[in-house]
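**Student:** Protein chains in written order, with the numbering used here: chain Z, 1 to 176; chain C, 177 to 727.
Source of the hints: derived by calculation from the structure; they are not laboratory data. Be aware that a few hints might be false.
Selected chain C positions facing chain Z (in silico; Cβ < 8 Å) [unchecked claim]:
| no. | residue |
| --- | --- |
| 1 | Asp225 |
| 2 | Phe228 |
| 3 | Gly229 |
| 4 | Arg265 |
| 5 | Gln306 |
| 6 | Leu575 |
Residues of chain Z clear of chain C, computed beta-carbon distances all greater than 10 Å [said to hold, decoys possible]:
| no. | residue |
| --- | --- |
| 7 | Lys15 |
| 8 | Pro18 |
| 9 | Arg21 |
| 10 | Ala22 |
| 11 | Leu38 |
| 12 | His62 |
| 13 | Glu65 |
| 14 | Ala68 |
| 15 | Gly71 |
| 16 | Asp73 |
| 17 | Val78 |
| 18 | Glu103 |
Quick caveat: nothing in here was measured; it's all calculated off a predicted structure. Backbone N, C-alpha and C define an ideal beta-carbon position, used for all residues, glycine too.
Residues per chain, in single letters:
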Amino acid sequence: MVLEAYADTILPGQKRWPGDRAVAGVSPDGGAVAAGALLTLRSEEGGMAPALDTLADRLDEHAQEYAAETGLDLDPTVPAFVSLDYPDRIRLVQRLTDPTHPEREAWTGLAMFSVIAFDAAAHSHTEEALAAGHVGLNIIGFRRPGPDGLWRFDTYSYGRQLARPHPDTTPSGSPA
Amino acid sequence: MTSSESTDVLVIGSGFGGAITAYHLAAGGARVVVLERGPWLSGEEFEHDFKFGSSSTRVFDFVIGDGMSVLSGNCVGGGSVVYFAAMPRAPRFVFDRQGRFGHRMWPGTISRDTLEPWYDRVAEALPVTQTGWDTVPFSGGLFGAACDHAGRTANPVPVALDQAKCTNCNWMMAGCRFDAKRSLLLNYLPAALAHGAQIRPLHEVQHLSRTDDGGYRVHYTVLDEVDYRVEVDSGTIDAKIVVIAAGAGATPVILKRSEPTLGPMPHAVGRYFSGNGERLNTAIFDEGRIREVLGLSRPDGVPYEAYQIGKGPCVANWDKLDGSLPEYERYSLEQLYFPPGFGTILAQVPDAVGPTWFGAEKKELLRTWQSWLTVFTMSEDDNEGEFGALPPSGNAVRLSQQMLARGSLRYQPTENTLRGWALSDAEVRDILERDGLSRVMPWTNDVVGAYTVHPLASCRIGDNPDTSALDDRHELRDHPGIFVTDGSAVPAGLTVNPAMTIAALAERAVPGIVAAARERGVPVRYGAPAPDGATSGRAAVLPLVRGTVQR
Ligand SMILES: Cc1cc2nc3c(=O)[nH]c(=O)nc-3n(C[C@H](O)[C@H](O)[C@H](O)COP(=O)(O)OP(=O)(O)OC[C@H]3O[C@@H](n4cnc5c(N)ncnc54)[C@H](O)[C@@H]3O)c2cc1C
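So that you can see chain Z by itself, here it is in the shape it has in the complex:
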């Protein structure tokens, strides 16, 4: 739940059900969580899996410190980070990923995996993800492959000269 809330802070989505707490619900369609951020983080290939529990605990500790510092009341029924509203989640993640933060690598790593789940569906074959209507690939408008699962674009060029070349160009096309 904590890691879902983190992924949702990176690329937010709509709540999956009324009362969904991990997803803050600040975007009208699916975000990193719906795109499979947790599957990507947990994938054996990704290598993050063994660190996830520790990271979730650590994130909660940071959220508690943040709440204490800013005088926020946390909801004891959910993990501390989940209890933060979206603007506070954003501020905390900004702090954790700042180039001067000692743990920044862990937090930018989590962010990278959240993004790669959203716009590349790295936990699943791209063709299958597209066929299943993967939300991230849909939102970026990633085109479908041909029937053999490969991409080809027969129409790809404006087909005409659109600028003058630099006067100092060699006949083979390099800078002189």
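Since chain Z is already given, all that's left is putting chain C with the ligand on it; use the hints.
**Tutor:** Just chain C with the ligand now, with coordinates in the frame of chain Z:
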């Protein structure tokens, strides 16, 4: 340790520096073994798939450093398998660069003129041809039209690509499924094999030691083919000559790790790393303005929406490759494509209220992904990169099974570098934001530092022993018989894509390596034709090497 295996020449790495030297030495009659830490894929194994574990992560290497991340190839064929195949020659002024020490960085024997015949050899071998405007993809056309509208010039770049086979799928970074990209898998490497060279994939070299007869012992581990973090075997091979071509992010680490057994390395090993002054900007185009201002539309009537369509960089702006400008103010701009994932995370939201690289506004920006255009700056940095503590093996600590690793490169851009980036950012804005065409933001350096796909100069050639690790024949100072022929030998940023220059330098280094091998009793001769048998490149260089190399 006893060693049962030996060879004449041991080549480490199979990218440009390794493949070219391996071919010529094998063709000349030497026994050649190539050790390559990555897998050996070809043809149908190159998948159109972003899934972890597909070819896009198997052949690719992404090492996060402190202030600089390095992208490179990790497979037989090295960077040539994942690269975009833009192959311009470096401009003339580059060879006169002085840099921060105020003396010529390149050896006195190398200039654009003296390198030209070696460039020609590479152009014949791959081969390299100029892109025509009729095959420039929409993104290149859009960049060209915007340059023209802003009173600038724009050039279709020379590429190592078979246009007839290219499907404009834009999966080049996962390896070319259609054999359109003229990677080393299609020329130098098969020719080396035909002459008896052995190529061993998943063999990662860790360090070198000396043998009693003045040669070298190369110590390697064998990696698991799925999880590169796992070592399944190890061994050694003795060789009379070692050619190190593991790439600018790896070669200095192998040498540094060899210090306890080989003795001290030249001061410049692992120093003066250059990221080729690279910088990326993302432009978010207004489709309506593309039509109104530039008069462009695709055959289906849509102005652009074609970020996904194409084949890497095809059009470049070379207006600032002007030798009369001061050093650090010269750079090129190139239209580029980066696939989703690592390419998109670093794009920033123009005029963001909140965070620029993540959050709700970033998600909105992703909706316009098809209207993006990436512009790539290659400028003159200050060779400010330096390698730190040695990782236990390889050149970095691998975090994922494949691809993702943490390295020890430190890079803090100097004022000179930052100024070049600022000038080029302003130039990109001036061209692409003109008349409301787009909004432009550079990639953030806050997530993984600056970014380079063109690592250079961590073990460079030069005349001054204080600032270069190799003499002008690419031999490692104080360690005769060890040659370095990859991007790490290039003294400084090139202001254009480097593979053509790396390859030309490797071609140029071969006669010297042949001479050194002969001195060590290896019966090898210089003079092989291009891998496909073409001979005009050879005819042009033979007069240059006659006298230094007995044929
Ligand atoms: C996405 C991308 C796009 C690019 N596009 C272009 C372009 O369009 N034009 C251009 O000019 N350049 C481009 N480049 C850069 C180009 O690929 C490199 O400059 C070039 O490949 C460097 O050649 P090299 O011989 O120095 O090293 P590499 O080609 O990197 O080869 C080094 C090899 O050594 C292997 N290796 C490393 N360590 C060890 C070890 N310990 N033991 C054994 N083997 C080891 C590596 O796996 C690799 O195969 C691109 C690079 C990337 C990543």
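**Student:** For every hint, state whether the structure bears it out.
**Tutor:** Results of checking the hints against the structure:
Nearest Cβ of chain Z to the Cβ of Asp225/C: about 5 Å, under the 8 Å cut. The hint holds. For Phe228/C, the shortest C-beta to C-beta distance to chain Z is roughly 4 Å, which falls under 8 Å, so the interface hint holds. Hint status for Gly229/C relative to chain Z: holds, with the closest Cβ pair at about 5 Å, below 8 Å. Because the beta carbon of Arg265/C sits about 4 Å from the nearest beta carbon in chain Z, less than 8 Å, this interface hint is met.
At a threshold of 8 Å, the smallest CB-CB gap from Gln306/C to chain Z is about 3 Å, leaving the interface hint in force. With a cut of 8 Å, the hint placing Leu575/C at the interface with chain Z holds, because the nearest CB-to-CB distance is about 5 Å. The beta carbon of Lys15/Z is kept farther than 10 Å from every beta carbon of chain C, the shortest such distance being approximately 14 Å. With a least CB separation of 21 Å from chain C, Pro18/Z remains clear of the 10 Å interface cut-off, as annotated.
No beta-carbon of chain C is positioned within 10 Å of the beta-carbon of Arg21/Z; the least distance is around 18 Å. The non-interface label for Ala22/Z is consistent with chain C: the shortest C-beta to C-beta separation is roughly 16 Å, beyond 10 Å. Every beta carbon of chain C lies more than 10 Å from that of Leu38/Z, the smallest distance being close to 14 Å; the non-interface claim holds. Look at His62/Z: its CB is around 16 Å from the nearest CB on chain C, clear of 10 Å, so calling it non-interface holds up.
Every C-beta of chain C lies more than 10 Å from that of Glu65/Z, the closest at about 20 Å, which supports listing it as non-interface. Every beta carbon of chain C lies more than 10 Å from that of Ala68/Z, the smallest distance being close to 23 Å; the non-interface claim holds. Every beta carbon of chain C lies more than 10 Å from that of Gly71/Z, the smallest distance being close to 22 Å; the non-interface claim holds. With a minimum CB-CB distance of about 23 Å to chain C, Asp73/Z clears the 10 Å threshold, and the non-interface call stands.
The claim that Val78/Z lies off the interface holds: its Cβ sits roughly 21 Å from the closest Cβ of chain C, which is beyond the 10 Å cut-off. Here Glu103/Z stays apart from chain C, with its beta-carbon at least about 14 Å from theirs, past the 10 Å limit.
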